[in-house]
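Peer 1: Given next are the chains, with one letter for each unit.
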Amino acid sequence: MSQQNTDEQTTSEQDAGDGGSPDPTDDEMLIQTDVSESVDETSGTRRRETVVRAEHVDVWYDDNQALSDITMEIPEQSVTAMVGPSGCGKSTFLRCINRMNDLIDSARVEGDLYLRGKNVYDDDVDPVALRRRVGMVFQKPNPFPKSIYDNVTYGLEIQDKGGDYDEIVERSLKRAALWDEVNDQLDESGLELSGGQQQRLCIARAIAPDPEVLLMDEPASALDPVATSQIEDLIEELARDYTVVIVTHNMQQAARISDQTAVFLTGGELVEFDDTQKIFENPESQRVEDYITGKFG
Amino acid sequence: MSTDELEADLTRQTENSPRELLTRTFFFLCAGLSIVTTISIVVLLVTEAAKFFTITAPLMGVTGPTASIVDFLTGTTWQINSQEFGVLALVTSTLMITIGSAVIAIPLGVATAIYLSEYASTQARSVLKPALEILAGVPTVVYGFFALIYITPALGTVIPQIGTFNMLSASIVVGIMIIPMVASISEDAMSAVPDELRQAGYGMGATKFDVATGVVVPASLSGIFSSFILALSRAIGETMAVTIAAGSRAQFLNPLNPASYLEGALPMTAAMVQLLTGDITGGGLAYRSLFAIGLVLFVITLVMNIISDFVAQRYREEY
Numbered sequence: 001m002s003q004q005n006t007d008e009q010t011t012s013e014q015d016a017g018d019g020g021s022p023d024p025t026d027d028e029m030l031i032q033t034d035v036s037e038s039v040d041e042t043s044g045t046r047r048r049e050t051v052v053r054a055e056h057v058d059v060w061y062d063d064n065q066a067l068s069d070i071t072m073e074i075p076e077q078s079v080t081a082m083v084g085p086s087g088c089g090k091s092t093f094l095r096c097i098n099r100m101n102d103l104i105d106s107a108r109v110e111g112d113l114y115l116r117g118k119n120v121y122d123d124d125v126d127p128v129a130l131r132r133r134v135g136m137v138f139q140k141p142n143p144f145p146k147s148i149y150d151n152v153t154y155g156l157e158i159q160d161k162g163g164d165y166d167e168i169v170e171r172s173l174k175r176a177a178l179w180d181e182v183n184d185q186l187d188e189s190g191l192e193l194s195g196g197q198q199q200r201l202c203i204a205r206a207i208a209p210d211p212e213v214l215l216m217d218e219p220a221s222a223l224d225p226v227a228t229s230q231i232e233d234l235i236e237e238l239a240r241d242y243t244v245v246i247v248t249h250n251m252q253q254a255a256r257i258s259d260q261t262a263v264f265l266t267g268g269e270l271v272e273f274d275d276t277q278k279i280f281e282n283p284e285s286q287r288v289e290d291y292i293t294g295k296f297g
Numbered sequence: 001m002s003t004d005e006l007e008a009d010l011t012r013q014t015e016n017s018p019r020e021l022l023t024r025t026f027f028f029l030c031a032g033l034s035i036v037t038t039i040s041i042v043v044l045l046v047t048e049a050a051k052f053f054t055i056t057a058p059l060m061g062v063t064g065p066t067a068s069i070v071d072f073l074t075g076t077t078w079q080i081n082s083q084e085f086g087v088l089a090l091v092t093s094t095l096m097i098t099i100g101s102a103v104i105a106i107p108l109g110v111a112t113a114i115y116l117s118e119y120a121s122t123q124a125r126s127v128l129k130p131a132l133e134i135l136a137g138v139p140t141v142v143y144g145f146f147a148l149i150y151i152t153p154a155l156g157t158v159i160p161q162i163g164t165f166n167m168l169s170a171s172i173v174v175g176i177m178i179i180p181m182v183a184s185i186s187e188d189a190m191s192a193v194p195d196e197l198r199q200a201g202y203g204m205g206a207t208k209f210d211v212a213t214g215v216v217v218p219a220s221l222s223g224i225f226s227s228f229i230l231a232l233s234r235a236i237g238e239t240m241a242v243t244i245a246a247g248s249r250a251q252f253l254n255p256l257n258p259a260s261y262l263e264g265a266l267p268m269t270a271a272m273v274q275l276l277t278g279d280i281t282g283g284g285l286a287y288r289s290l291f292a293i294g295l296v297l298f299v300i301t302l303v304m305n306i307i308s309d310f311v312a313q314r315y316r317e318e319y
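Each protein sequence line maps, in turn, to chains U and Y.
To convert, note that position 180 of the first sequence is 180 in the UniProt record's numbering; the numbers rise steadily by one, no gaps.
To convert, note that position 16 of the second sequence is 16 in the UniProt record's numbering; the numbers rise steadily by one, no gaps.
Just chain U, with the same shape it has in the complex (with noise of 0.2 Å):
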């Protein structure tokens, strides 16, 4: 698998991709490429595969740039979140990971962007299938007007998914920290719960076709702190089976929940990505410490 990514980072798209970016700039060299090794050191913890590789992506609407030359690698099992100022990029990127971006007609995406090796850009790739491993959980909840069931059989329905979905329909909302308050009202619709629960109903409704990939786009910016703080919980516990990506405006946010840190800054430059506490401790870059001391953004 690595042999082939090795491979794929020779090709002419790439070098055009290289040849564009602005400046190399000292911040680039700051970024750790091989998070594995980091998670070794700094945790001890066991050593985690990649599971998401981004190389030299960029990415446009139209003429302008939203992101410029994002290398990064996502760990699997772990919480990654990216932080920034508004309009840094760090939903587009997320975007990119499932292809969402494919919905604009203006976003245009260049380089490459692996999912376990694969690169999702391929011309062979067909998003739909893409979007099925990758779950996403956005920022304002969205469940369908439908019932809590079918809200949550739903990805199980369009994937034509056999199984059991009384019992997956249990356990996504055991996972979800929502069974508990919706086991007796399954049949009522998933708009009458509160602004927390179907956010949940959300997390559920993603996890249950178990998607590899979790991405969330700040998923409790539209809620009250309890509900926040019940959300948080949720992703530290989904991070055991799930590689979890958050984006989030709120620094104490990624900092309590995550175990990597991507620091995105105007003009869609991901400046630093390391180790949480590496990067709200001791960040190497002058420009992440100011963000996050809050000299701007």
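These aren't lab readings, by the way, just hints derived from the structure by calculation.
Just so we're clear, the structure is a prediction, and the values are computed from it rather than from any experiment.
Virtual Cβ for every residue (Gly too), placed ideally from N, Cα, C.
A few of these clues could be false.
Restricting the straight-line Cα-Cα distance to at most 27 Å, the calculated cross-link-like pairs of lysine-lysine (DSSO-like) are [said to hold, decoys possible]: (1) K129/Y to K208/Y; (2) K208/Y to K140/U; (3) K118/U to K161/U; (4) K174/U to K161/U; (5) K146/U to K208/Y; (6) K161/U to K208/Y; (7) K208/Y to K118/U; (8) K118/U to K140/U.
Stretches of chain Y that chain U covers, calculated by requiring three or more beta carbons in the stretch to come under 8 Å of a beta carbon on chain U [as the list claims (entries may be wrong)]: (9) 195-205; (10) 209-220.
Fit chain Y to the given chain U structure using the hints.
Peer 2: Frame of chain U, contents of chain Y only:
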């Protein structure tokens, strides 16, 4: 500013100034005009129709021939010359036009709406939307003409026994006529479905088809139903096209028998045109039957509108 000035300034009563009162009255009168018109029409229909029926005619001070309300509502023969006023012959014809046009307009209209709302590129939309508006703007007499000159002969090549005037061609043309209405109201309802729901679907790995049929259509169902009912009300009230294409011979046909559609018949609206353009004399029984048919037509469309409102209220989209 002294206290007096402040007092004067704060108590100017701008809301009740002459200009405000004048404009408010003007706008109220404009809005009231439509209500007055509606009420006048209803009163006229009811009073004139009352003169037609034996049971109510004495109340209106009418002497002379009248018709039994039971015969009118249950009779199946419409023959003015022999004084037979069985409105069912006309109602079934209208029902046939409604069913026939629904069969054409509902699937095509909804499919068009789904295409416009979910699939079409901005470019395709910019061509299709105006085309639909033009279709909606074609004078209905042109549609009738079109049915008689093109649709019926074309049908004749496939079904030789079809009459020159037939319900099939009238249904087809009314169906085409109401497609824009179904499409545009349904599309409005589908476009109103928040994009977050589509994103949720796509994020789960749904295809365009999954999202269109499993998310967007269910979420906009009440709007889609409203479009059906409004379009069918239009089909029921449609006059010119059916007058031209369906013929002038009233007969009682079974709307559920496909063979019925090959024959000509006289829908309610066409019967009214026939009465008005014929040589009936004002004040006679035939003349009064005009209002009786009009009243039946009005009640049917009113009921449809009430159903439409009920559906919209009861099944209002909640996203």
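Peer 1: Each of the hints needs a verdict: does it hold here or not?
Peer 2: Now the hints, each set against the structure:
Taken as a hint, the K129/Y and K208/Y pair is honoured in the structure, with Cα atoms around 21 Å apart against an allowance of 27 Å. Restraint check for K208/Y and K140/U: satisfied, since their Cα atoms lie roughly 22 Å apart, inside the 27 Å limit. Straight-line distance between C-alpha atoms of K118/U and K161/U comes to about 23 Å, which keeps the hinted pair within the 27 Å bound. A distance of roughly 20 Å separates the Cα atoms of K174/U and K161/U; the hinted pair therefore holds under the 27 Å criterion.
About 19 Å separates the Cα atoms of K146/U and K208/Y, which keeps this hinted pair within 27 Å; it holds. Restraint check for K161/U and K208/Y: the C-alpha separation of about 18 Å stays at or below 27 Å, so the hint holds. Between K208/Y and K118/U the CA atoms are separated by roughly 24 Å; this keeps the pair inside 27 Å, and the hint holds. Restraint check for K118/U and K140/U: not satisfied, since their Cα atoms lie roughly 30 Å apart, outside the 27 Å limit.
Restraint check on the segment 195-205 of chain Y versus chain U: 9 residues with Cβ-Cβ distances below 8 Å, three needed, restraint holds. Given as covered by chain U, the segment 209-220 of chain Y passes the check, having 5 residues with a CB less than 8 Å from a CB of that chain where 3 are the minimum.
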